[in-house]
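K.L.:
Each chain, letter by letter, is given below.
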Amino acid sequence: MNFLHSLADRDRVFDFLVPATSPVDVRHGPILYLEDVTVSFDGFKAINDLNLTIDDGELRCIIGPNGAGKTTMMDIITGKTRPDRGSVWFGSRHNLLAMNEPEIASLGIGRKFQKPTVFEALTVFENLELAMAADKRILPTLTARMTGEVRDRIEEVLATIGLTELRHRLAGILSHGQKQWLEIGMLLMQRPRLLLVDEPVAGMTEQEMERTAELLTGLAGKGKQSVVVVEHDMGFVRSIARTVTVLHQGSVLAEGSMDQVSCDPKVVEVYLGADPDEEAA
Amino acid sequence: MHSSTSWLARPFRERATQLFLSILLAALATVTLLNLALPEGHPLHVSTYTVTLLGKYLSYALLAVAVDLVWGYLGILSLGHGAFFALGGYAMGMYLMRQIGDRGTYGDPVLPDFMVFLDWDSLPWYWLGFDMAGFAFLMVLLAPGLLALVFGFLAFRSRVTGVYLSIITQALTFALMLAFFRNEMGFGGNNGLTDFKELLGFDLRSDATRLGLFLATGIALALGYVLCRAIVTSKLGRVSVATRDAEARTRFLGYRVERFQLFIFVVSAMLAGVAGALYVPQVGIINPSEFSPIFSIEIVLWVALGGRATLYGAVIGAILVNYAKTVFTGVMPDAWLFALGGLFVLVTVLLPKGIAGLLAYRLKPRRLQREPTDPSSPPREASA
Chain E
1 MNFLHSLADR
11 DRVFDFLVPA
21 TSPVDVRHGP
31 ILYLEDVTVS
41 FDGFKAINDL
51 NLTIDDGELR
61 CIIGPNGAGK
71 TTMMDIITGK
81 TRPDRGSVWF
91 GSRHNLLAMN
101 EPEIASLGIG
111 RKFQKPTVFE
121 ALTVFENLEL
131 AMAADKRILP
141 TLTARMTGEV
151 RDRIEEVLAT
161 IGLTELRHRL
171 AGILSHGQKQ
181 WLEIGMLLMQ
191 RPRLLLVDEP
201 VAGMTEQEME
211 RTAELLTGLA
221 GKGKQSVVVV
231 EHDMGFVRSI
241 ARTVTVLHQG
251 SVLAEGSMDQ
261 VSCDPKVVEV
271 YLGADPDEEA
281 A
Chain B
1 MHSSTSWLAR
11 PFRERATQLF
21 LSILLAALAT
31 VTLLNLALPE
41 GHPLHVSTYT
51 VTLLGKYLSY
61 ALLAVAVDLV
71 WGYLGILSLG
81 HGAFFALGGY
91 AMGMYLMRQI
101 GDRGTYGDPV
111 LPDFMVFLDW
121 DSLPWYWLGF
131 DMAGFAFLMV
141 LLAPGLLALV
151 FGFLAFRSRV
161 TGVYLSIITQ
171 ALTFALMLAF
181 FRNEMGFGGN
191 NGLTDFKELL
201 GFDLRSDATR
211 LGLFLATGIA
221 LALGYVLCRA
231 IVTSKLGRVS
241 VATRDAEART
251 RFLGYRVERF
261 QLFIFVVSAM
271 LAGVAGALYV
281 PQVGIINPSE
291 FSPIFSIEIV
301 LWVALGGRAT
311 LYGAVIGAIL
321 VNYAKTVFTG
331 VMPDAWLFAL
341 GGLFVLVTVL
351 LPKGIAGLLA
361 YRLKPRRLQR
371 EPTDPSSPPR
381 EASA
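Residue numbers (this note's numbering), protein chains in the order written: chain E, 1 to 281; chain B, 1 to 384.
Each hint should be verified, as a subset may be incorrect.
Stretches of chain E that chain B covers, calculated by requiring three or more beta carbons in the stretch to come under 8 Å of a beta carbon on chain B [what the hints assert, rightly or not]:
1) 94-107
2) 121-129
3) 134-147
In short, the hints are calculated from the structure, not lab data. Glycine included, C-beta positions come from ideal geometry on N, C-alpha and C.
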């Protein structure tokens, strides 16, 4: 399909001639660009004509009620789910729909899942080591040595996520919040351009939330990472958000600053539970 | 653990591996000494019969290490490793058959006895080359390796894992058993290959050859153990453990999980093949019963008893269970399966981490092993 599509695409000549490893082209501003994306599961449209643009270095929060399509959107960006139609571009050069999961990951899109999944039988240090951007083929992995450079990078990330003291603990015994930070650290080890973070503060204490907010706002910026956070906790979103996108029934309902969005009558309606008759209409 | 040493040298710097190798080499030396230096009839004399029996245990131990590599560190419960063991054994058996030459019952210079008996007039093509030791030994590695490569490629590419994979491995070994039972296959049918005379020119019935085979098996076990240890302490070993515990997550980090699985599966199959090749000249026969599904399950029991994901546990388990089997089947043949079942239940209930878990608990060596995921386990000491 994509091959045929690329043949028809005259101004780019051949998509497959563009090496997948070439750097992300953000000269035009956006690092992530979703256009008219639709995906349905058994007739149910989980994503419906979704348009979304994330700028390079931006910290974007995405909110929305359950079933709004937030997780499905993440799945599409990371290559786990194929949309029925639409296009997804990373910078202005990489067509994400033509790539598989590992390719997208190596391109620089890191995803943090809702439930923290760290390798519990490995230490914090080893978790970060495995996550590091490196040659991930079999023989280079087998013969890999711990160089000073690698160690420095791991120590740097350990300091960023505040787990320096716990580096030789098994990840399985970390607290919930520490696991979340470790997972963010694992994403950072890959030197990603774009971080997708799914509900980072679910189940965290106030204190842990504050530290997570600091961590995330510190990560986003020009020349650093762009960060997309999906979150339910309004207080947390308010504390970090610059731009907020509200998803509802698979498409964008509103976009703007937290204050703008929270005053939007459509958003209020969706969140506060509108009259069911009106909803149906 | 995170040393800058080369991956193959790493195991030699681990205390646990040093200890394991010392014990193994000391045992080999002791048995050799007690066999050679003491006269028969001396209470401490180790008879050649016992030496061969121990050699058999050691080949089983190597097989168990191979299974532990895929089960303990990769999370793939292979219930078909007997097939790789048997293929290695058959490759060796074919070489030994060709070595018989015209000394068989029918005196045919080329054809093994069973082919003469079946009225075949020439060797099947797949028997060609097995008169050369080098080719045959290569096949000991390649036959199981290729089967594992094809089987693993198909299974891992389709992301077949867990219990489904275990069932297919059972089917694999069962299918091979049925195939090898057929006379038309050209592997001696249900009688298999036997009546071997010599290996590399050494008479298989001589005491010296038997001792040599025992020592060779011990050294193969040591080398196999070091190789597996080198793999599991490398970054690849950590990717393997990561795959075992969270496959999707590992894939998401950019590792081609199915290739790692395939690599380790093939290495393991080759080790099992070597174990089979060392087993056959010592027991003097290879037949399709080695392909039986029960045997493959038994191997897994050895590993479980000894302690999964430790490697040395697999060695302990294989040797203990097979020793117990020798004793029990001698004393009360009918009771053996009940004893084995009972032993397994006891260990599962009382020693979930096997005998190795008990040892680790008693001795508390630092970072002796990498335990399977257990959030309740105490923090590991920092050592890097």
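K.L.:
It remains to establish, for every hint, whether it holds in the given structure.
P.N.:
Going through the hints against the structure:
1. Chain B is given as covering the segment 94-107 of chain E, and this holds because 4 residues of the stretch bring a CB closer than 8 Å to a CB of that chain, at least three being needed.
2. A count of 6 residues in the segment 121-129 of chain E with a Cβ less than 8 Å from any Cβ of chain B is obtained; the coverage claim is therefore met, three being the minimum.
3. Figure legend: the segment 134-147 of chain E, annotated as covered by chain B; annotation consistent (10 residues with Cβ-Cβ distances under 8 Å, at least 3 required).
In summary, the structure agrees with every hint in the numbered list given earlier.
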